[in-house]
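Keeping their order, the protein sequence lines are chains A and B. Heads up: the first sequence at position 88 corresponds to 88 in the working numbering, and the numbers run straight through without jumps. Heads up: the second sequence at position 92 corresponds to 205 in the working numbering, and the numbers run straight through without jumps.
By construction, these hints were calculated from the structure, which means they are not laboratory data. Even for Gly, the Cβ is constructed at its ideal location relative to N, Cα and C. Misleading hints may appear alongside valid ones.
What the hints assert, rightly or not - If the Cβ cut is set under 8 Å, some of the chain A residues that face chain B in the computed set are: (1) Tyr48; (2) Asn51; (3) Glu62; (4) Phe74; (5) Ser95; (6) Asn100; (7) Ile102; (8) Gly105.
Unchecked claim - Short, incomplete list of chain B residues facing chain A, as computed with Cβ under 10 Å: (9) Leu124; (10) Asn143; (11) Asn144; (12) Tyr148; (13) Val157; (14) Leu161; (15) Phe201; (16) Asp205; (17) Ala206; (18) Ile214; (19) Gly216.
Listed below are the residues making up each chain.
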Amino acid sequence: DAGVIQSPRHEVTEMGQEVTLRCKPISGHNSLFWYRQTMMRGLELLIYFNNNVPIDDSGMPEDRFSAKMPNASFSTLKIQPSEPRDSAVYFCASSSTGGNTIYFGEGSWLTVV
Amino acid sequence: SQQGEEDPQALSIQEGENATMNCSYKTSINNLQWYRQNSGRGLVHLILIRSNEREKHSGRLRVTLDTSKKSSSLLITASRAADTASYFCATDASGGYNKLIFGAGTRLAVHP
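One chain only, chain B, in its complex shape (with noise of 0.2 Å):
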């Protein structure tokens, strides 16, 4: 069963915007961790922000945590096409085995 859900299900924007994804999530969690998925391939990993964390940046992301809300969004600034995959949620409330749950994902598409 999917942990978190995030919204929109779908985003497109122009190059230069910003990309913003929001993941909610139902139980508590050790961290939540974003990834990204291009057209055909295996997820990466882009970033880690863990429970006792409210803001974390690397590069052009920013991803916030709310844990009160049990919410996350996940910022991509000046998108490029490249930037252009689905984006997950997942989050990690196995205490150390890094079970993660994964969410239904954003499909971002960022036009020239």
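If we strip away everything but chain A, and leave its shape as in the complex, we get (with noise of 0.2 Å):
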């Protein structure tokens, strides 16, 4: 059974340009999830989709990021311009409804330079 899968792993982009990041969760999940880790704040939700409608995007940091979730199988993270202290580790993680677990991926370790 295929876990939560993220592309990309690893991204080195030049400040200001957009960054892409992909996820597609769990097969049955309706709940996701988008976190961002860092050494200095740790893991923080950044915004979290329950059937596909984003119930919580208070931990976006802002508007250069969003988040969709055009259908069950599939979610985007875009950052648009990048900057230098984007760079961090983001996770995707899903979970089912009335289930307590959540799942992670492996995350995108993006570097902006």
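Once you've looked at the hints, go ahead and assemble the two chains, each given alone in its own frame, into the complex.
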């Protein structure tokens, strides 16, 4: 059974460029989460979706960040324009309603230079 | 913002010893979970304890929860080198959405 799949695993981009991170949740899961992990701030919840609808985006840092979930099997997190301080590991995770465990992908390691 | 705070931030022990990590949180919760993260990997769920439970076991793991003190502990008994990882507590106060807020984590190093 495939887990949460994220792409790309690693990305190095120049400041000002657009970055798009992708996530395929576990089939049948209807909650999806985007987290960001840095040494300074730890693991922060950016946004979560339930049944493809954004429920809470209070963790999204600023307007440069946007997330979409066009269908139950795909989500994107976009940063435009990117800045060096966006360098972090971005995790996507999913869970099923009624289930308490969330399942993480392996992360997308973003470096903005 | 982080809900939980783990201590210690780092722990170094020898194989065979027990490792205890603590977590404190700020608000009322539905449940508290512990996750493990190996270097360069995603987080993996270890164990969940509900707000009406006081203690839970899973293999070599023992978790306690004291809601009056808003604290939890994770005990790993008879540690192994393969237990080397970061351990995070996460609290769910979302009432069904699994909105987990993670602490800063404890880095555990188990030396052979």
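Return the status of the interface hint for A/Glu62: holds when the least beta-carbon distance to chain B is below 8 Å, violated otherwise.
16 Å, violated
Interface hint check: B/Ala206, Cβ to nearest Cβ on chain A, cutoff 10 Å. Holds or violated?
At 12 Å from the nearest chain A Cβ, B/Ala206 fails the 10 Å test, so the hint is violated.
Min Cβ distance, B/Asn143 to chain A: is it shorter than 10 Å?
For B/Asn143, the interface hint holds, since the closest Cβ of chain A sits about 8 Å away, which is under 10 Å.
Hint validity - A/Asn51 Cβ closer than 8 Å to any chain B Cβ
Since chain B brings no Cβ nearer than about 11 Å to A/Asn51, farther than 8 Å, the hint is violated.
Would the stated hint for A/Asn100 survive a check requiring a Cβ distance to chain B of less than 8 Å?
5 Å, holds
Would the stated hint for B/Ile214 survive a check requiring a Cβ distance to chain A of less than 10 Å?
Holds, about 7 Å.
Restraint satisfaction for A/Tyr48 [CB to CB of chain B, less than 8 Å]
6 Å, holds
Hint validation: B/Leu124 versus chain A, beta carbon distance must be below 10 Å. Holds or violated?
17 Å, violated
With 8 Å as the cut and Cβ atoms as the points, is A/Phe74 at the interface with chain B?
18 Å, violated
Would the stated hint for B/Asp205 survive a check requiring a Cβ distance to chain A of less than 10 Å?
7 Å, holds
Interface hint outcome for B/Gly216 [beta carbon to chain A under 10 Å]:
This hint holds: B/Gly216 lies near chain A, its Cβ roughly 7 Å from the closest one there, short of 10 Å.
Against chain A, with CB atoms and a cut of 10 Å, does the hint on B/Val157 hold up?
7 Å, holds
Consistency with the previously given hints fails for numbers 2, 3, 4, 9, 17, ordered from lowest to highest.
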